[in-house]
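Participant: Add chain B to chain A, keeping to what the hints say.
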Amino acid sequence: MGVEAVVSLRSPDPLSGSRPVTTALEADDPSLVRRAATGDVEAFEALYRRSVGRVFALCLRMCGNRSLAEDLTQEAFVRAWQKLPSFRGDSAFATWMHRLTVNVVLGHMRSSGRRQDRESAAGELWGPAESGHGDRPGDTVDLERAIAALPNRAREVFVLHDVEGYKHAEIADLAGMAVGTSKAQLNRARRLLRRALMS
Amino acid sequence: MSTLTCDDVMERLGELVDGALEEAEAASLGRHLASCAACRHELEAERELRAATRALPGSVAPARDLWPDIADRIEAGRVVRGRFGWPPALPVRRLATAAAAAVVLAAAVTAAYLAGLNRAALPVADAGPSGPQTGVTPAQLVIGGDLTTIRNDLRARLEERRDELSPETWSVVTENLEVIDRAIQRIQLALEEHPYDNRLNSHLVAAYRLEIDLLQRATRLPAEI
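So the sequences go chain by chain: A and B. Under the working numbering, the residue at position 9 of the first sequence is numbered 9, and the numbers go up by one with no gaps. Quick note, the working numbering runs 1000 ahead of the 1-based positions in the second sequence.
These are computed hints drawn from the structure, not numbers from a lab. Just so you know, not all the hints are guaranteed correct.
[Unchecked claim] Some chain B residues near chain A, calculated using beta-carbon distances under 10 Å: (1) G1014; (2) A1045; (3) V1060; (4) A1156; (5) W1170; (6) L1177; (7) V1179; (8) L1189.
[Stated by the list, open to error] 16 Å max Cα-Cα, derived EDC-like pairs, lysine to aspartate or glutamate: (9) K167/A - D1018/B; (10) K183/A - D173/A; (11) K83/A - E70/A; (12) K183/A - D1008/B; (13) K167/A - E1015/B; (14) K183/A - E1011/B; (15) K183/A - E1159/B; (16) K83/A - E1015/B; (17) K167/A - D142/A; (18) K183/A - E1175/B; (19) K83/A - E1175/B.
Heads up, the beta-carbon is just placed ideally off N, CA and C, and yes, glycines get one too.
If we strip away everything but chain A, and leave its shape as in the complex, we get:
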């Protein structure tokens, strides 16, 4: 779904006096955030279109289940909509959204007890729909599958540290674990991934 789809969904009515969609699509993030914070759904949709790929990738890798990742992505954006009025703009919207998404995913994993209960097979994550992207090398998909097959805690720490660039202290704070635990889980994840990729 790209820009064309947005335009077709929300064609501006020249007689209504409403803000044309092209304005939302061309506006920078801070002005979209300001408008969305005052209830402008079109501005928020533009922010969604810009950031959904990154948010979904994060959810998908952290939870290892495609349909759950869709639910968590939705939840993250609904939560963002609710919290936008209190977003002070100290960081970029993308950074704020990223942190909010991490909290949504970790909160879900904690509340549902999924840390100990892996439900999805790796194949569910990187099935034909995603692997069909023409420009993705095969070994990338292999790595995605291997990440999805990791135990929950190891996967969360690996994604946050090695993919997203968080420090162990930040992960410990976000996930409610000791720094040493975060390091141990990362080592475990890397070792399992090396095995998976070498096999």
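Facilitator: Quick look at chain B alone, frame taken from chain A:
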């Protein structure tokens, strides 16, 4: 110097690749690696893993468009939870006036809810004031900086009480505060276009005042949990 085992090397492989080991420790690992083909193989695999990780796409499109469901939930939240929509075609000053009305409604709804809680918990304590009891002097109200400071302090105090309030109370209070926050931002936007509009200024002060009143009521609630 003690001899490293393969397990010791496995534990430090990541730090070795990151260049995060002390020189002496790195040298020690180097000696082990020089004589251990299995660990060299692991080291190579670790480097390949890092390269593959760096090559992961930062963005993955979901298989379907999630926006319609998100939009539905946003709209449902507005109706069910008492949010107020902003017709986009209205001029900015009319939007600000509508926002001011939304503030009054949101504040009234929450105040009524909180007064009900108070009556249930403390029959004598708060029989329901006839108007807003801000506890804030008029002098404080005319100074914007003080208003926001008071508001932020009360917000922090409310956040501290989160565990003492029931989820329902928390939801009613915070969602209506969000309505007021949106309204305040809407009024501020209108003020940017019409900075000398006294009515808008009055709306803004009134909105702050009602929000502070709400926060004070909420922070004074008896613990529910």
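Participant: Out of the numbered hints, which ones does the structure contradict?
Facilitator: The structure conflicts with hints 4, 5, 11, 15, 16, 17 and 18, although it agrees with all the remaining ones.
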